[in-house]
Amino acid sequence: MWCLLRLADLTPSELGYRLGNGSLLIGISPFVVRIRSSIDAISEALGTMYRDFPINEPDEFADFHIEVAPGSRLRRWFRPQVNFHFDGIPSFQPLPANQAYPMLEWGLNWCIATHSHRFLLIHAAVIESGGKAAILPAPPGSGKSTLCAGLVSRGWRLLSDELTLIDMNTGVIHPMSRPINLKNASIEVIRGFQPDAVMTDPVADTKKGTVALMRPPSESVRRIAETARPAWIVFPTYTAGASTTLSPYSKAHTFIRVARESFNYDIHGRTGFEAVSRLIDTCACFEFCYSDLEDAAREFSRLSVAS
Amino acid sequence: MKAPELLVSALTRPESVAALLPSQWDLLIRQARRANVLSTLANVIESQALTDGVPTAPRHHLVAATAVARQQRQAVRWEVRCIQEALAATGVPVVLLKGAAYVMADLPTARGRMFSDVDIMVPRESISRIESALAMHGWTGGHHSNYDQRYYRRWMHEIPPMQHIRRGTVIDVHHAILPETARIKVNTKALWQAPDAVPGYDNLYVLQPTDMVLHSAAHLFHEGELHNGFRDLVDLDSLLRQFGSDDAFLGRLGPRAQELGLERPLYYALRYVQRILGTPVPHRILESIPAPGRPSLRAMDFCYLRALLPEHSSCTDRWSGLARSALYVRSHWIRMPFFLLLYHLTRKAVTPDQADRKEQ
Numbered sequence: 001m002w003c004l005l006r007l008a009d010l011t012p013s014e015l016g017y018r019l020g021n022g023s024l025l026i027g028i029s030p031f032v033v034r035i036r037s038s039i040d041a042i043s044e045a046l047g048t049m050y051r052d053f054p055i056n057e058p059d060e061f062a063d064f065h066i067e068v069a070p071g072s073r074l075r076r077w078f079r080p081q082v083n084f085h086f087d088g089i090p091s092f093q094p095l096p097a098n099q100a101y102p103m104l105e106w107g108l109n110w111c112i113a114t115h116s117h118r119f120l121l122i123h124a125a126v127i128e129s130g131g132k133a134a135i136l137p138a139p140p141g142s143g144k145s146t147l148c149a150g151l152v153s154r155g156w157r158l159l160s161d162e163l164t165l166i167d168m169n170t171g172v173i174h175p176m177s178r179p180i181n182l183k184n185a186s187i188e189v190i191r192g193f194q195p196d197a198v199m200t201d202p203v204a205d206t207k208k209g210t211v212a213l214m215r216p217p218s219e220s221v222r223r224i225a226e227t228a229r230p231a232w233i234v235f236p237t238y239t240a241g242a243s244t245t246l247s248p249y250s251k252a253h254t255f256i257r258v259a260r261e262s263f264n265y266d267i268h269g270r271t272g273f274e275a276v277s278r279l280i281d282t283c284a285c286f287e288f289c290y291s292d293l294e295d296a297a298r299e300f301s302r303l304s305v306a307s
Numbered sequence: 001m002k003a004p005e006l007l008v009s010a011l012t013r014p015e016s017v018a019a020l021l022p023s024q025w026d027l028l029i030r031q032a033r034r035a036n037v038l039s040t041l042a043n044v045i046e047s048q049a050l051t052d053g054v055p056t057a058p059r060h061h062l063v064a065a066t067a068v069a070r071q072q073r074q075a076v077r078w079e080v081r082c083i084q085e086a087l088a089a090t091g092v093p094v095v096l097l098k099g100a101a102y103v104m105a106d107l108p109t110a111r112g113r114m115f116s117d118v119d120i121m122v123p124r125e126s127i128s129r130i131e132s133a134l135a136m137h138g139w140t141g142g143h144h145s146n147y148d149q150r151y152y153r154r155w156m157h158e159i160p161p162m163q164h165i166r167r168g169t170v171i172d173v174h175h176a177i178l179p180e181t182a183r184i185k186v187n188t189k190a191l192w193q194a195p196d197a198v199p200g201y202d203n204l205y206v207l208q209p210t211d212m213v214l215h216s217a218a219h220l221f222h223e224g225e226l227h228n229g230f231r232d233l234v235d236l237d238s239l240l241r242q243f244g245s246d247d248a249f250l251g252r253l254g255p256r257a258q259e260l261g262l263e264r265p266l267y268y269a270l271r272y273v274q275r276i277l278g279t280p281v282p283h284r285i286l287e288s289i290p291a292p293g294r295p296s297l298r299a300m301d302f303c304y305l306r307a308l309l310p311e312h313s314s315c316t317d318r319w320s321g322l323a324r325s326a327l328y329v330r331s332h333w334i335r336m337p338f339f340l341l342l343y344h345l346t347r348k349a350v351t352p353d354q355a356d357r358k359e360q
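So the sequences go chain by chain: X and U. Heads up, the first sequence is in our numbering, so the first residue is 1 and it goes up one at a time. Heads up, the second sequence is in our numbering, so the first residue is 1 and it goes up one at a time.
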C-alpha cells in the first residue's frame with residue numbers, strides 16, 4: 001500500500017540530514033518548499049511544527065528554495081546571527097541566532113506574499129466551519145492571531161493565521177494551515193485557553209516583541225486540500241475589558257480595508273478590483289470587539305449556526 | 001543539457017520546454033527569476049501557445065510573473081504621461097531610453113519585461129530647467145552627499161536620480177549616453193539629429209532603431225555590475241531580431257556606430273549576443289567592424305562569456321567571480337581617467353557610506 005511520507009515518519013537524524021544537504025521538500029499546500037539548514041533549532045522546530053505535513057521527493061518541483069544559515073565569519077560565533085536566503089540570496093538583515101525558526105516562518109511568508117499572484121493575497125487570518133470561511137483581516141496588534149488561535153481551539157478549522165489565499169478565478173480560499181504566530185501576552189492567554197496546544201519556547205526581543213509559534217491542529221493539516229467558500233469578513237479588535245460585540249459593517253468600508261490589507265491588489269489591477277468585489281458581495285461583513293476568548297468563541301459559534 | 005543552456009534554450013526555442021522534467025522546471029524558473037527574465041520567458045512560451053502544456057506548479061509562477069510585468073508596463077505608460085505633463089511647458093525635447101522607450105515604441109522587447117526607473121535624455125544646456133520642472137511636479141533629489149552630487153553632475157552623464165514624492169517612482173535624467181569622463185567620446189550631437197517622435201506626445205522621442213541598439217550595447221559594455229547583464233543581452237537579441245529583418249537597418253548599423261564612436265561596444269554586443277543567445281547576425285556586419293586585438297579579445301571572452309550569464313549558482317564556474325570583478329574594475333577604468341578613478345575609489349573606501357541602504 002502506498003503511503004504518503006510525512007515529516008513525522010523521519011527520524012530526527014534523517015530529518016537533520018535532509019535539511020542539512022538541502023534535500024528536504026515539505027508539501028505546505030498549495031506550495032512545495034525546499035528547505036536547507038544546518039541549524040539544530042530549525043531541525044527540531046520543523047520536526048515538531050510540521051510533523052503532519054507530507055514530504056516530497058528531492059527531484060520534484062519546489063516553489064521556493066529557502067535556507068536559514070548561520071551568519072558568516074565572525075557572526076557565526078560572536079553574538080551569533082542567522083540569515084534567510086531565498087534561492088541563495090540573503091533576503092533580509094540578519095537576526096540574532098535564537099530567532100532562527102521565527103525567521104524561517106517570516107521569510108516563507110515573504111516568499112509567498114511576493115510571488116503567489118495566482119491568488120489574491122490578504123493579510124488576514126481565515127478559519128472555517130461547516131464549509132464556510134471567516135476572514136479576519138487586521139493590521140498587526142489587533143489581536144487577530146490570538147482570536148484565530150482561540151477559535152481554532154474551539155472547533156474551527158485553521159485555514160491560515162497570516163496570509164489568506166483567495167483563488168483569483170474561483171474565489172475559493174486555499175488553506176495553508178501553517179503554525180500560528182503568537183505575540184507577547186497572547187502566548188500565555190492561549191496556553192491558558194488551550195493547555196495541550198503545542199508551542200515553541202517563546203523567543204524574546206524580536207521586532208514583534210516576544211513570539212512563539214503554535215502547531216496547527218492535525219485535523220486542519222489533514223484537511224489541507226479542502227478549500228472553502230468565504231462567507232464572513234470580520235474585523236477583530238481586542239480591547240481589555242470590552243464586552244463582546246459583533247456589529248454589521250458597511251460593505252463599502254470593508255472593500256477599502258480589505259484592499260488595503262492586500263499584498264497584491266495593485267498588481268492585479270482591474271481583475272483585483274473584481275475579485276474583491278465578488279468577495280464582498282458574497283460575505284456578511286462585521287466589526288468585532290472582544291476581551292474574553294470564550295465569549296468570542298461563543299459569538300462565532302452563533303454566527304456559524306445562524307447562517 | 002548544461003545548466004546555463006536550460007534558460008537559453010527555453011527562451012530561444014520555447015518548444016523545447018515540453019520535454020522538461022519537474023527538476024528542470026524547478027531550475028529553469030529559478031534561473032529566469034534571478035536573471036529578471038521570468039516574465040519574458042512566460043511571454044515567449046505564451047506567444048507560442050504553449051502555456052497550457054506547462055505543468056501546473058511551474059505554470060503558476062509564469063502566470064504570476066506575467067501579472068507583475070503587465071502591471072509594470074501599465075505603470076510605465078502612466079509614469080511617462082506624468083513626466084510629459086511635468087516637462088511640457090519647458091518645450092525641451094525629451095528622449096526616452098531603455099525600458100520606457102521599448103514600451104512607448106510598442107516593441108516586442110517590452111512584452112513581458114520588468115521595469116524599474118525611467119531613463120530620459122535631454123540636451124545638456126536644458127538640464128537645470130528640466131530638474132526644476134521635475135522638482136515643481138513632485139520629484140525630489142534624494143539624500144545624496146555633496147560628493148555624490150558632484151560625481152553625478154560633473155563627471156558622469158546624469159544628475160542624481162530623482163524620486164517622486166507620492167508615487168515613489170524614480171527618474172534618471174541623462175544628457176549623454178556615456179559619462180563625459182569616459183574614454184569613448186560619443187558623438188551626442190549626432191544622436192540628437194534623428195530621434196523618432198512618439199506618436200500622440202509632444203516633445204517626446206525614442207532613439208531610432210540603430211541608435212537604440214547602439215545605446216543598449218554601449219550601456220551593457222560599460223556597465224560594472226552585471227546583475228541584469230543577461231536581461232540586457234536578451235533585450236539586444238530582441239531588438240536585433242525585430243529590426244534585423246530590415247536590410248536598410250543592417251546596412252546602417254556599422255556606419256552609424258562609426259559616426260557615434262561606438263564601434264567597439266557594437267562589436268562586443270554582436271559577438272556575445274550571437275555566442276550566448278544564438279542571435280542571427282550576418283557575417284558581413286561583424287566583419288565590417290574593427291575587432292580588438294587577439295589578447296584583448298581572449299580576455300573579454302573569458303570575462304563576458306561568464307559575466308553575461310544569469311548570476312545564479314547553476315550558471316557559474318570557479319572563474320565567474322574573477323570575471324565579474326575584472327569587469328567591475330574595467331567599467332570604472334573606462335568611465336574615468338586614472339587619477340580621477342584613484343581619487344574616487346579612495347574617497348569611497350575612506351568615507352562612511354552615506355548612500356541609501358536597502359530597506360527591509
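Because the hints were derived from the structure by calculation, they are not lab data. Because the structure is a prediction, the values reported are computed rather than measured. Quick reminder that beta carbons are idealized off the backbone N, C-alpha and C, glycines included. Among the hints, a few may not be true.
Looking from chain X toward chain U, a few residues come up when the C-beta cut is under 7 Å (computed) [claimed, not checked]:
id	residue
1	Asp59
2	Arg118
3	Gly241
For each label pair, taking beta carbons as the anchor points, the in silico distance ranges come out as [to be verified]:
id	chain 1	residue 1	chain 2	residue 2	range
4	U	Ser128	X	Arg76	31 to 39 Å
5	U	Met136	X	Gly171	55 to 63 Å
6	X	Pro248	U	Asp117	44 to 52 Å
Do the hints match the structure? See the list:
no.: 1; hint: Asp59; verdict: 5 Å, holds
no.: 2; hint: Arg118; verdict: 5 Å, holds
no.: 3; hint: Gly241; verdict: 36 Å, violated
no.: 4; hint: U:Ser128 - X:Arg76: 31 to 39 Å; verdict: 51 Å, violated
no.: 5; hint: U:Met136 - X:Gly171: 55 to 63 Å; verdict: 45 Å, violated
no.: 6; hint: X:Pro248 - U:Asp117: 44 to 52 Å; verdict: 46 Å, holds
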